[in-house]
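Construct the complete structure from the given sequences, taking the supplied hints into account.
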Amino acid sequence: MCTLRVIDVPVAPTAFFHGHTLQISRSMPKRFAAAVLVLIASLASCRDSGRSTAGGDAGGTVIVSTAAEPDFLLPPLITNVQGRMASDLIFDKLAEVPPDMNVTRDAAYRPRLAQKWTWGPDSLSIAFQLDPRARWHDGAPVRAEDVKIGFDLMADKKVNSPQAPNVGEIDSVTVRDSLTAVFWFKRRNSEQFFTAAYNVIPLPAHLLRDVNRDNLQSAAFARSPVGNSRFRFVRWLPGQLLELVADTANYRGRAKLDRVVLSIAPDPTTAATRLLAGEADFYEVLRGEQLEQAKQNPALQLVMYGGVDYAFLQFNLHDRKNRARAHTIFGDKGLRRALAMAIDRQAIVKNVYDTLADVPYGPAPRSLGIADKSIRQTPYDTIAARHALDSLGWRDTNGDGIREKNGVPLRFSVMVPSSSRARQNVAILLQEQLKRSGVDLQVDQLDVNTMIARLSNRDFDAVLSAWHPDPNPSSIRQSWGGESARSPNGSNYGGYDSPAFDAYVDSAVMARSGDAPAYFRKAYQVFVDDEPAVMLYEPRLVAGASKRIKLVELRPDAWWAGLADWSIPADQRIERDRVGLRAASQ
Amino acid sequence: MWRLVAARAAQAAAIVAIVATVTFALIHLAPGDPFAAALDGPTVAPEIRARWREKYGLDRPLAEQYVRYLANVARGDLGWSFSQHRPVADALATAIPNTLLLTGTALVLSFALGVLAALFQASRHGTLADRGTGAVLLVFYSVPDFWLALMAMLLLGYALPIFPVSGIVDPVMHEYMSGWGRIVDRVRHLALPSLTLTLLTTAVIARHQRAALLDVAREDFVRSARAKGVAERTILWRHTLRNALGPTITLLGLLLPALLGGAVFVESIFAWPGMGTLATKAVGMRDYALVTAVAIVGAAMVALGSLVADILTAAADPRLRDA
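Here the protein sequences line up with chains A and B, keeping their order.
Every number in this note's numbering is 2 more than the matching position in the first sequence, counting from 1.
Every number in this note's numbering is 55 more than the matching position in the second sequence, counting from 1.
Note that these hints are calculated values from the structure, not bench results.
Glycine residues also receive a C-beta, built at the ideal position from the N, C-alpha and C atoms.
Hints are supplied without guarantee of correctness; some may be wrong.
Stated by the list, open to error - Straight-line Cα separation of at most 16 Å, EDC-like style, residue types lysine to aspartate or glutamate; simulated pairs: (1) A:159 - B:119; (2) A:159 - B:102; (3) A:160 - B:109; (4) A:549 - A:573; (5) B:110 - A:216; (6) A:375 - A:360; (7) A:323 - A:463; (8) A:118 - A:102; (9) A:323 - A:461; (10) A:524 - A:508; (11) A:335 - A:531; (12) A:552 - A:567; (13) A:407 - A:392; (14) A:335 - A:532; (15) A:160 - B:102.
Claimed, not checked - A few chain A residues facing chain B, derived, Cβ under 8 Å: (16) 219; (17) 241; (18) 265; (19) 268; (20) 272; (21) 278; (22) 452; (23) 455; (24) 458; (25) 489; (26) 574; (27) 581.
In structure tokens form, the structure reads like this:
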């Protein structure tokens, strides 16, 4: 039953009074004003009574257990996955990447804030036509100026946004009319559309126009944003939780859930235990013993989905002390290939991950649309490996089981993060496999910070590492490109610098989107043949969720992409599902 | 008395200054920095990281950074936290009350339990019950804090779901509870972390208190009371315990560092948003300003605890008051 509640506007967001302040003129007849007040109060109290006003299916709370906290909620400042997750739930992009993750075909993108888009005749501009129904959560309409400020904040040197390199190919964004934003590019490439639609997040110009860009991280908006997506921000208690509720008047339709709470636990074991104990409803990655416990838990469902990570044994191709010189062992491509042939990747995957990982095709995970399974792999062949080592002059002359050449033993160390049990296990298996071919691998377990410092200083022989690449294929330049190898601060720590690889990647990026995959395939083949790293495994992810939740497919790079379409059937709701849309008191 | 307070306060200030300096130096000398590359993903371009270092003065010599830090602290500015992404003062303001609640509860509980256990043991001195109680307490004292925390969580939070496994309150329902309901909710969430810290420290208090009780029990006035026919229970509670509490009060001040140290792991495991959780994350991310500030606050709390213990001891013993 609806109870009358004396309300003082602003009225909380509803379909009719979305964030506007209601003002009643003094000249308005008192009786009419009272009637209007009663009507509004009744509507508001109905909404606040703890039941959603949307269709019968809508409702419920999902508590997501997470082992880290968002850094910011303002897209130009975000550096971590949790920040990106929260931002994606609060802010819509212009268009969403296709389900097959092939980001170079704009025709397959799904419209979001942009209803449609038109390419310029020279392909150096794209005009995005905004959906006129789109509104910010404070009620203001989404306009082309919001797209422009979204780009400006990312590109402005004062802000020093970590996202700035991602929009480096955009020259400017202009406003053609209130609902049309035009992106102008410096040059044509196959990822133009991705750069505009995925990397630039429209932001409310009416709230951010006058913000101090020198100190954007201190702006209130960075921790308490006003978005435009199907969830709106309610509160963020640092170290505890971040709460979002459904935007009932959203232009894309109300979220099927009432509320999403990111519940923060800094320890991964605790984060998983919350799910197992029923205090949380979802945890994105269950591993090892927790996975076994979750299998036995009748209240949980397990969902396997492909991730975008891939792990590899990377060789330092240069001398540790003198970068101008080749590494004594790994400077030789033939030797790297011999080592690759001595490694049984299938056995490693089976031993460490069982069915929860795959052997990669190359330096692009199979969940990204650009991955190519036709790439010719270096075979596992220990006889061929031994022959190759013999022919290269590495022989066991003193009978100690380790090969030597010119008095130098075939011995090297591999750095492994002490925080990763899986990689430690992989290192032990590698050690055993290489030993059979007369190679002495020494495992060096290091604290993460020490490991990063040694990688940055290029002070290592080999490293058991992993990448979490962006969905755009050109991001491979950061990890394996020649420019990154030559830069002292680049992320290509092993120093792989292949003109052929770089040329194919450049060709792929500059090609028309339809031609790009063929060039990427050639680049990946050059990479696999050169073996600057042995691609070891791509973990598959297993999420745990309460059985009462109806999930939609989890996207490899962003499991949360369909969160607004998750639902909880009315007959399976528990106490926290029935709270409704009431905003929690601060 | 005031001379004693002034002298102890001066000592405390010196200790805090030394701790701050040593912490500042050590955390800067450790490998890595707040803007180092991520291990498994080239998320932030090197040139952006370089500009961040420049903005926050991390490209300056260490001595210059230290002088700037001291100048800022003198102005009341504890700096910007790179791990919390907000001012250090804000992060501390939300964390300190939580840590005080947890360690304060554990201190009170361990004191009460420790004294009770000691009374139990002293009244049964030399019996199997005395030795058994001592052994059980010693086991809790010996186990690592993180292991005990995990066991408490798995046993009382998961296998027997009596208490919530983590957090400070229910993330959803707390806001919709009545006043009494909120108190119960908070106490339920406090149960496991405070129980863990309590079990870890009770043994120390019990052992000290037991020894003190046995010492006092041999005093002449106790023998006299017994000769006059005073009941054993009255002798124990009214005569022996009152005179044996002095060393335990002193111990309370010394236990504060142990509790704060234990809170680092216990808070992290139970997702208790206090100084321990802040410190763990800050050290991992090389958050220089926050690590140093946490060390300063921790040192100050320990110094204050010692000061309070000294004052209480002096108040209880007139000979010390006039010293």
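Hint check:
1. A:159 - B:119: Violated. Residue 159 of chain A to residue 119 of chain B sits at ~26 Å, over the 16 Å cutoff.
2. A:159 - B:102: Holds - the C-alpha atoms of residue 102 of chain B and residue 159 of chain A are around 11 Å apart, at most 16 Å.
3. A:160 - B:109: holds (13 Å)
4. A:549 - A:573: holds (12 Å)
5. B:110 - A:216: holds (10 Å)
6. A:375 - A:360: Roughly 12 Å separates the two Cα atoms, so the pair holds.
7. A:323 - A:463: holds (11 Å)
8. A:118 - A:102: violated (20 Å)
9. A:323 - A:461: holds (8 Å)
10. A:524 - A:508: holds (11 Å)
11. A:335 - A:531: holds (9 Å)
12. A:552 - A:567: holds (9 Å)
13. A:407 - A:392: holds (10 Å)
14. A:335 - A:532: holds (6 Å)
15. A:160 - B:102: holds (14 Å)
16. 219: Constraint on residue 219 of chain A satisfied, holds at 7 Å.
17. 241: Hint on residue 241 of chain A: holds, closest Cβ of chain B at ~3 Å, below 8 Å.
18. 265: At 5 Å from the nearest chain B Cβ, residue 265 of chain A passes the 8 Å test, so the hint holds.
19. 268: Holds - the Cβ of residue 268 of chain A comes within 8 Å of chain B, reaching about 5 Å at its closest.
20. 272: holds (5 Å)
21. 278: holds (6 Å)
22. 452: Holds, about 4 Å.
23. 455: holds (4 Å)
24. 458: This hint holds: residue 458 of chain A lies near chain B, its Cβ roughly 6 Å from the closest one there, short of 8 Å.
25. 489: holds (7 Å)
26. 574: violated (17 Å)
27. 581: Given a least distance of 6 Å, the restraint on residue 581 of chain A holds.
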